[in-house]
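Student: Sequence:
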Amino acid sequence: MLSNHNTINTLNTYHYFHCFWPKCHYKTRNESHLTDHKVKHTNIKQFKCTFNNCKKAYKQSAHLQLHKNIYHLNVRYVCDWSECHKQFTQNRSLLQHKSAVHLREKKFKCNEENCGKSFGHKYNLLQHKRIHSGEKPFVCHFNGCNKRFNKKYYFNKHYKRHLDIKPFKCNYNECNNSYINKYELQQHIKRKHCNESQESNK
Numbered sequence: 001m002l003s004n005h006n007t008i009n010t011l012n013t014y015h016y017f018h019c020f021w022p023k024c025h026y027k028t029r030n031e032s033h034l035t036d037h038k039v040k041h042t043n044i045k046q047f048k049c050t051f052n053n054c055k056k057a058y059k060q061s062a063h064l065q066l067h068k069n070i071y072h073l074n075v076r077y078v079c080d081w082s083e084c085h086k087q088f089t090q091n092r093s094l095l096q097h098k099s100a101v102h103l104r105e106k107k108f109k110c111n112e113e114n115c116g117k118s119f120g121h122k123y124n125l126l127q128h129k130r131i132h133s134g135e136k137p138f139v140c141h142f143n144g145c146n147k148r149f150n151k152k153y154y155f156n157k158h159y160k161r162h163l164d165i166k167p168f169k170c171n172y173n174e175c176n177n178s179y180i181n182k183y184e185l186q187q188h189i190k191r192k193h194c195n196e197s198q199e200s201n202k
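Note that the sequence shown covers residues 1 to 202 in the UniProt record's numbering.
Incorrect hints may appear among the rest.
Unchecked claim - For lysine to aspartate or glutamate, the following DMTMM-like pairs were computed, each having C-alpha atoms within a straight-line distance of at most 20 Å:
no., residue 1, residue 2
1, 160, 36
2, 45, 135
3, 151, 135
4, 27, 135
5, 152, 135
6, 68, 36
The hints are simulated quantities; they were obtained by calculation from the structure and are not laboratory data. As the structure is a prediction and not an experimental result, all values here were calculated from the model.
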């Protein structure tokens, strides 16, 4: 008869759903998460945007919803902190912003020798520790890309390039170029439009 300890270990092992795609190693306790994950290995884009005849299609429903929120519904989560009003496309990003910028709570400290950094969230500390360990757990499986990242932020930024999601639009003199992040938009304005303004003032 198995001991209670062995029974728990057996249950923990058997309650994972594994992806058997070659060289993948992904596992999860949620079967629906595995279903979403498997789509990354194929080129099937079953979730189609029918908003105003957009015709964009994605492998996962979450990516389709993100596309709709950004391009069609203009969903923004706005910081209500005094005189801030920063906008985010995800509520999670807004909460992280409030904690890091306005509350400045940093109770999670890195115990690596000669480091001394501290963070407002345990998740941010775990991300930071990957710099010390060199771990890169976020793998891009888009069409065999296989690039690895130590932070989910960098993974998402990279993955948006595959999905061609560019929520930051330039409205300078009806330019209408769009970019993946605010930094790239700012660089575009500096390179393209600031030079144009200088030329016109000569």
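Student: Of the numbered hints stated earlier in the document, which are not met by this structure?
Tutor: Violated hint: only 2; rest satisfied.
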